[in-house]
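J.: Listed here are the chains, written in short residue letters.
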Amino acid sequence: MGRFIVRRLLYMIVVILVVSFITFGLMHAIPGGPFSREKALPAETIRILNERYHLDELLWKQYVSYVYAVLIPHVTTTPPTTSLQDDFMVNAQIGSVWFRWMNFGPSFKSRSRTVNDIFRDNLPISAQLGTMALIIAIVIGLPLGILAALKQNTVWDYLGMGLAIFGVSVPVIVLGPIFVWVFGVALKWFPPVGWGAQPPYILGFLPSNIGWDFFKYAIMPSIALGLGSSAVIARLTRATLLQTVREDYIRTARAKGLPERAIIVRHALKNSMIPVVTILGPLFAALVTGTFVTELMFGIPGMGKYFVTSITNRDYPVIMGTILLYAVFLVVANLLVDITYAFLDPRIRYD
Amino acid sequence: MRKLFALLSLLVVASMALTACGGATPAAGEPVVVKETVIVEVPGATATEAPAAEGPKVLNLNFGPGDVPTLDPAIAEDTSSIQVIEEAFIGLTHIDEETSATVPGMATDWSSEVNADGNEVVTFHMRTDVPWVRWNGQEVETVKTCDGSADRMVTAGDFAYGIERNLNPTNASPYAYVWGFVLKGAADYNNGVTDDFSTVGVEVVDDATIKLTFLAPASFNTQIAGMWIGRPQPQWVIDGDCEGAIEARGERWTEPGFFQSYGPFTMSEWIHDSSLTLVKNPFWPGTDEIPVPKIDVVNFAMLDEAVAFSDYEAGNLDAVGVPGTDLDRVKADPVLSLELVVAPIMCTYYYGFNTQAPIVSDARVRRALSMAIDRQSLIDNVLKGGQEPAQWFSRPGLAGSPTMADYPDLGVKYDAEAAKAELQAYLDETGQTAESLDLTLMFNTSSGHQRIAEAIQQMWKDVLGVNVKLVNQEWAVYLATIKGADTPQIFRLGWCLDYPDANNFIRENFDANGSSNPYTDGKPSGGAFYNNPDFFAGLAAAAAESDPVKRVQMYADLETTLVYTDAVIAPIYWYSRNTVTKPYVVRTFGVGGQEALEKWDILPH
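If you read the sequences in order, they're chains R and W.
Note that the numbering used here has the first sequence beginning at 30, numbered continuously upward.
Note that the numbering used here has the second sequence beginning at 162, numbered continuously upward.
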């Protein structure tokens with residue numbers, strides 16, 4: 030297992046390099062640049078901006094220096110400064126030597142912030158929202174799927190799957206404004222928009238005020254975001270569980286006279302979880318790194334909008350940063366999924 | 162199975178409990194007061210002890226989605242950044258937010274003379290009683306000099322530093338070019354031709370006197386002197402001071418904790434992407450034009466317009482813009498309709514023509530297309546936001562711009578018969594039919610522009626019988642297209658004021674190498690591809706004219722050339738904005754996109 034994880038982590042670096050290369054190429058291929066304005070900037074101003082952000086260099090040089098700044102740890106004796114060009118995510122001091130890693134560069138649009146600032150300020154909020162949405166998706170989806178499978182073709186099945194179809198077919202862009210209007214504006218149960226946690230965060234991402242002040246903002250968007258995913262989980266759970274309970278080993282278990290609960294929980298459910306766990310990986314990465322529509326609908330200052338606005342603004346460092354962030358989360362989540370397989374199904378071996 | 166049911170019923174109970182909890186909490190309806198994170202406990206000084214009646218006056222507004230890009234006057238270019246700058250830094254002159262008149266700002270008075278070279282030298286006499294301030298986490302305090310003995314006051318040197326920093330090419334200010342048009346030596350310094358700032362027409366006479374040398378006399382020189390591009394910045398924070406005791410913050414000087422200013426409000430908190438808070442500066446002396454604020458705290462949310470409107474309806478915001486899709490409902494609502502105000506805003510929406518492209522290179526075709534647009538119908542049926550049909554480009558309300566009262570028939574209007582006649586003359590001469598004309602209208606991707614374009618496409622079809630293709634491109638791609646050789650026959654643009662003068666509209670857009678008429682090597686290279694030396698000479702003459710009445714007539718004649726004779730553009734509408742404001746808020750309506758919050762008040766409610 031250890032060797033497997035190391036190998037996968039090495040693959041991850043390759044994946045990141047490929048993703049960064051493609052993204053870098055695509056973003057420079059689209060017309061327009063970060064400094065195109067309706068009132069065109071003077072040529073000299075553009076020249077200076079290009080020089081400052083090294084956009085005047087050859088593209089391969091820009092790519093190499095980007096990869097160097099982000100991926101390669103820097104060892105230096107000069108302490109960190111507040112300069113926008115000098116903001117590393119990891120700053121560790123050992124004696125008089127600084128180990129500094131991951132400089133994603135300054136944002137072209139927010140001229141007093143860096144991409145790392147955006148990660149520090151906005152990613153925790155998206156992570157909080159995404160984690161809660163994922164929990165809601167599992168807590169609703171899993172029981173619903175199990176219930177539907179065990180009571181196949183009964184009213185429970187139809188009710189559960191009806192709910193699932195509703196969840197899939199009513200997107201957040203519809204559900205969000207309805208929630209805001211009904212529970213926020215009309216009934217005033219929850220604040221219609223906003224988010225209850227602010228920096229600084231515990232461990233860099235946990236809200237420091239877990240309580241009603243936090244959850245009154247979080248409940249509506251988490252449900253709106255989690256409902257769609259819960260439907261997917263419910264349908265998948267139902268389908269695989271239906272298949273599993275028809276397997277020979279379940280019949281054997283029944284023949285042995287095992288109690289029904291043990292058959293379902295220990296044998297059927299555990300073996301049905303592989304497809305569900307498989308989709309949880311990408312789902313986790315997608316929810317946690319920011320969701321554009323949900324965050325917009327509920328006025329949540331998360332990462333989601335940067336995936337979209339960075340492209341319209343041609344904010345190159347932010348485009349690269351957001352895409353790489355997503356890629357890392359996706360690869361790591363898939364690795365965790367693969368590790369979970371080994372626990373769910375002892376036949377799966379990686380070494 | 163029982164376990165599962167237990168779990169489900171637990172969930173149901175839990176959701177009921179949450180529901181009950183939500184119903185019992187009154188917090189949702191109350192305005193959110195300052196969300197200060199730096200709290201130092203001072204016994205007896207907490208707000209809870211004060212009676213609720215006389216709490217701080219808190220105003221909650223919205224900025225629109227996304228972080229405020231900067232608070233640095235040297236590099237600001239968007240309305241949110243400039244809104245904060247307008248409150249935190251006052252210019253030499255000040256523009257009245259409703260009348261657009263140039264009134265005293267930090268300069269109490271100024272005198273002007275023309276020197277031997279024909280330059281206009283304006284001497285500004287400044288107030289000396291305004292200290293720099295900062296938010297220390299609890300309250301606004303004055304900034305002290307290095308030895309701590311005295312307050313740092315705003316001086317003429319601070320203004321010179323601010324202008325220098327704006328023009329310094331290393332700061333790459335997007336708006337420095339405005340100085341380049343008018344201030345002696347500014348263009349060369351900004352373009353790196355010289356790095357000697359003493360060649361620029363900025364002279365500090367003493368702490369309270371500054372002289373600006375403008376290239377030529379013009380009524381808008383003093384307006385530009387008051388723009389955000391000419392505001393002081395705290396040199397000691399940016400570059401460091403006091404033998405290193407104050408650390409140089411560089412571009413980060415606008416961050417919370419470092420930020421310093423001197424206007425009626427200063428910034429106390431900026432949670433990036435989430436909210437920005439201004440607090441009243443008690444050290445602002447107050448003038449007739451820029452009074453001491455009545456409101457203590459202004460919170461700006463950063464929400465999408467539709468989301469902010471929901472928050473307004475929930476009672477959390479005090480004034481917001483009304484989304485176009487909600488306008489009909491607001492007008493019909495008995496409460497909201499009373500809170501709705503439609504106010505003009507200094508912007509013009511127009512379609513430009515590439516005057517060298519096939520078919521539209523003929524002025525008759527351009528006139529026909531322009532006259533075939535029923536602007537009132539577009540406003541009544543598509544826009545619905547109280548806009549005004551535009552007959553010319555420079556929006557009325559700007560200095561020098563003609564007004565509808567004095568010039569009701571100026572420019573271009575909907576006239577189906579005249580439009581048909583113009584097009585027929587062209588068709589007869591070239592032997593074509595209306596259906597055969599291959600015309601393309603391009604706009605940047607947006608549902609709003611799409612609806613307008615579709616309505617106008619139908620009008621052109623109905624009145625002229627021409628089929629115009631609609632093409633849209635993403636904004637940055639679109640900008641590259643309409644500034645280059647591939648400019649389509651018809652393109653969409655809008656323009657909002659930088660300073661309230663017709664010069665900022667007609668000249669800065671349509672002069673040779675104007676914003677919508679780019680030139681390369683002395684030849685048109687994009688946009689309108691417009692070249693009319695008489696028109697360009699007229700623009701220069703109107704800018705220099707000192708008699709206001711004559712000046713308006715000159716602009717009226719220039720507009721006739723632009724929108725009728727040469728028909729370079731089809732002006733479509735003059736903007737308005739729809740805002741709802743809670744009845745307890747006393748306010749003014751800025752026509753330039755910024756609000757004078759120091760004039761606002763909140764009544765007991």
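No wet-lab data here; the hints were simulated from the structure.
Glycine is no exception: its CB is placed at the ideal position from the N, C-alpha and C atoms.
Please note that a few of the clues may not be correct.
In silico BS3-like cross-links for lysine-lysine, where the CA-CA straight-line distance does not exceed 27 Å [as the list claims (entries may be wrong)]: (1) K299(R) x K180(R); (2) K68(R) x K684(W); (3) K218(W) x K245(R); (4) K245(R) x K743(W); (5) K574(W) x K218(W); (6) K305(W) x K492(W); (7) K684(W) x K217(R); (8) K574(W) x K622(W); (9) K455(W) x K684(W); (10) K711(W) x K574(W); (11) K218(W) x K630(W); (12) K545(W) x K684(W); (13) K711(W) x K217(R); (14) K217(R) x K180(R); (15) K217(R) x K743(W); (16) K68(R) x K644(W).
Covered, in the sense of this in silico footprint (three residues per stretch, anywhere, with C-beta under 8 Å from a C-beta of chain W), are these stretches of chain R [to be verified]: (17) 204-214; (18) 221-227; (19) 350-361.
J.: Sort out which numbered hints this structure fails and list those numbers smallest first.
T.: Going through the list in order, the structure violates hints 5, 6, 7, 9, 11, 12, 13, 14, 19 and respects the others.
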